[in-house]
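K.L.:
Listed here are the chains, written in short residue letters.
Number of protein chains: 2
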Amino acid sequence: MAVYTELADEELTALLAQYDLGQALSLKGIAEGVENTNYLLETTAGRYILTIYEKRVARADLPFFMAVMEHLAAAGLPCPRPALTRAGSPLAEVRAKACAVIGFLSGLSPKRPSAAQCASVGRALAQMHSALATTAQSRPNTLGPADWEALVRPRLAQAEALRPGLRQAVAADLDAVNKAWPQGLPRGVIHADLFPDNVLFTGDTVSGLIDFYFACSDFLAYDLAVCLNAWCFEGDRSFNLTKGQRMIAGYESVRPLTPGERDALPILARGAALRFFSTRLADWSATPEGALVKPKHPLEYADRLAFHARANGFSDYGG
Amino acid sequence: MAVYTELADEELTALLAQYDLGQALSLKGIAEGVENTNYLLETTAGRYILTIYEKRVARADLPFFMAVMEHLAAAGLPCPRPALTRAGSPLAEVRAKACAVIGFLSGLSPKRPSAAQCASVGRALAQMHSALATTAQSRPNTLGPADWEALVRPRLAQAEALRPGLRQAVAADLDAVNKAWPQGLPRGVIHADLFPDNVLFTGDTVSGLIDFYFACSDFLAYDLAVCLNAWCFEGDRSFNLTKGQRMIAGYESVRPLTPGERDALPILARGAALRFFSTRLADWSATPEGALVKPKHPLEYADRLAFHARANGFSDYGG
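As you go down the protein sequences, you meet chains S and Y in turn. In the numbering used here, each residue carries its 1-based index in the first sequence increased by 55. In the numbering used here, each residue carries its 1-based index in the second sequence increased by 55.
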């Protein structure tokens, strides 16, 4: 949500000279993404997002993220395409940081997604999984069960301080996931962070899938479990079964789930809630009093965890 | 530099329904301005800046700022024009806050303005003053000499803590300005904050004059003194006489200064430096340790004050 790297005039000029995108007409720092500096850049050739990668994105992972975006755009999905430098690279450098100039996509991110939008995003997710089945790229998931354990177990006292009883509840979530995490489900490259912030719509139609900086290789159904957590709970933290039904039906209209995936959905959803609870808890603990940028509150995901702990099966999610 | 007000989907829809601007295609929070929430809004009718006025802008002043922008745009200056609601108002309301939808202007704000850009901005400033000579609007300057006194005198100890010797130097600046502040110079509506951030260029040509939220009625030459402070000092805080010459010549190519204005320029420039020193000192003192948004450092303006205290006359500024 901030511009960490301010570009000098000559730095922008030197950067654009590496591309075949004409002259800069406008450059506005945008308050998008927590991790990187983003500018909306207009040149004589079109509109782009200029992203400068700050410390939280590992430089070695950037070629993978670029390849995923290129692959999806080439497959006809509404994904932004990195512009290539004259040397043919999707990445350049500015102020000793890596950066990319990525095609701009129109559309609005919903604050309160509708059931129709949940259906559309379910369908788009399955299209993404299908398109990525032909990529040779892979990247391990660096926020998997062992990482939730390492992030959450040492912070159970902080969790208890947020809400009495949470120490025991979350320890039970960790135990359950460690014990019952599935094996052998269909795998592939997943988005892993497809929140409403990262999807653009024109009406109820998906017009953009963005922010691939958590993309990795993992269970495909885990990606659906992330989306069920991110899209189908209401502001009062209740699960909207209609939205779950629409999202799963949208997904299955493109790629039907296997019986194993259906059975695993409750534990995958519980794990996905742990994943976001774990990083929110760590960010919450690490943020000093009085900081202007407030991290997202972990309790939102504690309530989702409680829902998933009670779930009996696929049908509780609308399946 | 932040998005303070996040708009819900239905709030944006309800807001746009008050205008004749079509449907929203894109909405990006932009990191521009310290005071307000700004979005770059694209609709089927064009591109706009949606500004939501947060607490630092007095609601009663907004009609004046809107009228100034409308007047300048109507006079052919490159100023953004507020869109009117169907009811004919340049202002609307969202989440109990005032807001405006203002035409988007292309162009880049220079980080290190060239001498040619200083000439252009001098000319544009005089064109703005000439165009505003026909407005009936007025607003007192709420950041004038009495306000600098009230902001700085109680904080002289903080100033001394920033740099030894500053208590005495700044007290002398306040005394000099109180004693020698001019009377009877030509007055009118001025921008009062025309920093490089607030000017857009295409090459060396001014393509946008923006952010009128300090506009007020005061000496015209004081506005030029603000610009000399804001544009003609280098990164090492030295005064670039060539840039001063070009700016003054640009200004005088449209509106020649009177002998009284020329004589008053050193004290006006000293006052203008005090104005920015005073608010930066107050913001600096008020910002908690560890805050993510660092205020601008007051010492930049302490060095300008020292330059102005030594200046002998108009020629020291390039006149």
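One or more of the hints may lead you astray.
Unchecked claim - Heads up, simulated DSS-like pairs for lysine-lysine below, C-alpha to C-alpha not over 27 angstroms straight-line: (1) K166(Y) - K166(S); (2) K110(S) - K152(Y); (3) K166(Y) - K110(S); (4) K234(Y) - K83(S); (5) K351(S) - K166(Y).
As the list claims (entries may be wrong) - Quick list of simulated restraints, FRET-style, between CB atoms: (6) R292(S) - R114(Y): 47 to 57 angstroms; (7) G290(S) - R114(Y): 24 to 34 angstroms; (8) E148(Y) - D202(S): 25 to 35 angstroms; (9) A171(Y) - S161(S): 44 to 54 angstroms; (10) G258(Y) - R292(S): 47 to 57 angstroms; (11) S161(S) - P195(Y): 41 to 51 angstroms; (12) A69(S) - K110(Y): 34 to 44 angstroms; (13) Q238(Y) - G290(S): 31 to 41 angstroms; (14) A63(S) - T260(Y): 39 to 49 angstroms; (15) R114(Y) - A130(S): 48 to 58 angstroms; (16) V309(S) - A151(Y): 58 to 68 angstroms.
What the hints assert, rightly or not - Which bits of chain S does chain Y cover? Going by a derived footprint, with three or more residues having C-beta under 8 angstroms, they are: (17) 58-64; (18) 78-85; (19) 243-252.
Derived by calculation from the structure, the hints in this document are not laboratory data. The C-beta atom is built at its ideal place from N, Cα and C for all residues, glycine as well.
K.L.:
So, for every hint listed, does it hold in this structure?
P.N.:
Results for each hint:
1. K166(Y) - K166(S): violated (35 angstroms)
2. K110(S) - K152(Y): violated (36 angstroms)
3. K166(Y) - K110(S): holds (24 angstroms)
4. K234(Y) - K83(S): Violated - the C-alpha atoms of K83(S) and K234(Y) are around 43 angstroms apart, more than 27 angstroms.
5. K351(S) - K166(Y): Judged against 27 angstroms, a Cα distance of about 33 angstroms means the pair is violated.
6. R292(S) - R114(Y): 47 to 57 angstroms: violated (35 angstroms)
7. G290(S) - R114(Y): 24 to 34 angstroms: Holds - the Cβ-Cβ distance for G290(S) and R114(Y), about 29 angstroms, lies within 24 to 34 angstroms.
8. E148(Y) - D202(S): 25 to 35 angstroms: Given about 46 angstroms between the Cβ atoms, the range is violated.
9. A171(Y) - S161(S): 44 to 54 angstroms: violated (36 angstroms)
10. G258(Y) - R292(S): 47 to 57 angstroms: With a Cβ separation near 53 angstroms, G258(Y) and R292(S) satisfy 47 to 57 angstroms, so the hint holds.
11. S161(S) - P195(Y): 41 to 51 angstroms: holds (43 angstroms)
12. A69(S) - K110(Y): 34 to 44 angstroms: holds (40 angstroms)
13. Q238(Y) - G290(S): 31 to 41 angstroms: violated (60 angstroms)
14. A63(S) - T260(Y): 39 to 49 angstroms: For A63(S) and T260(Y) the Cβ distance comes to about 20 angstroms; the hint is violated.
15. R114(Y) - A130(S): 48 to 58 angstroms: holds (51 angstroms)
16. V309(S) - A151(Y): 58 to 68 angstroms: Distance hint for V309(S), A151(Y) is violated at roughly 44 angstroms.
17. 58-64: Result for this restraint: holds, n = 5.
18. 78-85: Since three or more residues must qualify, the claim that chain Y covers the region 78-85 of chain S holds, with 7 doing so at under 8 angstroms.
19. 243-252: That given contact is violated, which follows from only 0 residues of the region 243-252 of chain S lying within Cβ reach (below 8 angstroms) of chain Y.
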